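Novice: Sequence:
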Amino acid sequence: MKKMLTIAAIVLITGTFALAQDVPKSLDNATQNYMMGLNHHNNGVIESAITNVMLLKLYHPEKDFSDIAEKLDALTIENPDKMIRLKAFIAANYIKHPERFNWIEKGDYEDAVAFFEMYSAKLKEMNYNLQKGSQITATK
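So for the sequence shown, numbering that gives the first Met the number 0 puts the first residue at 0; every next one is plus one.
To be clear, the hints were calculated from the coordinates, so they are not data collected in a lab.
All of these numbers come straight from a predicted model, not from anything done at the bench.
Each hint should be verified, as a subset may be incorrect.
What the hints assert, rightly or not - Below, in silico cross-link-like pairs of lysine to any residue (SDA-like), each with a Cα-Cα straight-line distance of 25 Å or less: (1) 131 <-> 116; (2) 62 <-> 115; (3) 95 <-> 114.
To be verified - What follows is a list of derived Cβ distance ranges for each label pair: (4) 129 <-> 101: 10 to 20 Å; (5) 23 <-> 69: 17 to 27 Å; (6) 101 <-> 79: 30 to 40 Å; (7) 124 <-> 35: 33 to 43 Å; (8) 23 <-> 105: 18 to 28 Å; (9) 73 <-> 124: 25 to 35 Å; (10) 24 <-> 126: 21 to 31 Å.
Note that beta-carbon positions come from the ideal geometry of N, C-alpha and C, so glycine has one too.
Whole structure, please, built from the sequences with the hints as guidance.
Specialist: Laid out in structure tokens, this is it:
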């Protein structure tokens with residue numbers, strides 16, 4: 000357990016330090032580190048990597064994250080933990096279609112748990128509105 004926590008800390012710290020520098024190579028290093036986190040067997044490391052990948056996309060919208068989006072899509076289908084599947088689904092959609100999430104602001108990432116709760120509530124609201132719209136269409 001201690002070894003896993005140490006590995007998780009190293010992956011996250013390395014990625015965070017890479018974010019602190021304003022160099023394209025550092026951005027590539029952060030991307031590689033978060034990809035390692037997404038491939039980890041520890042769910043806590045995976046969840047942290049998902050959150051940090053979204054943060055990276057928020058601050059670097061010009062960066063191509065297609066490899067990470069592909070891995071997030073795989074997690075959405077393959078991971079046995081339903082919370083990781085949900086978070087991976089949200090993150091993959093955010094990375095592929097950031098224009099659909101223009102209500103997200105940089106300050107929303109102060110607390111990852113609160114952010115995903117806000118995000119889930121917004122998705123539920125969108126789903127409700129879609130269902131409500133389809134019911135109206137079906138009755139016409």
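Novice: Confirm or reject each hint.
Specialist: Hint by hint, here is what the structure shows:
For the suggested pair residue 131 and residue 116, the alpha carbons sit about 22 Å apart, so the restraint of at most 25 Å is met. Distance check on the hinted pair: residue 62 and residue 115 sit about 22 Å apart at the alpha-carbon level, within 25 Å; holds. Between the alpha carbons of residue 95 and residue 114 the distance comes to roughly 19 Å, so the proposed pair stays at or under 25 Å and holds. The given range of 10 to 20 Å is respected by residue 129 and residue 101, whose C-beta atoms sit roughly 18 Å from each other.
As the Cβ distance of residue 23 to residue 69 is approximately 21 Å, the hint placing it in 17 to 27 Å holds. Separated by about 33 Å at the C-beta atoms, residue 101 and residue 79 satisfy the suggested range of 30 to 40 Å. About 34 Å separates the C-beta atoms of residue 124 and residue 35, a value consistent with the hinted range of 33 to 43 Å. The hinted range of 18 to 28 Å is satisfied by residue 23 and residue 105, whose Cβ atoms lie roughly 20 Å apart.
At roughly 27 Å, the beta-carbon separation of residue 73 and residue 124 lies within the given 25 to 35 Å, and the hint holds. Take residue 24 and residue 126: their Cβ atoms lie about 40 Å apart, and the range 21 to 31 Å is violated.
The earlier numbered hint that this structure contradicts is number 10, and it is the only one.
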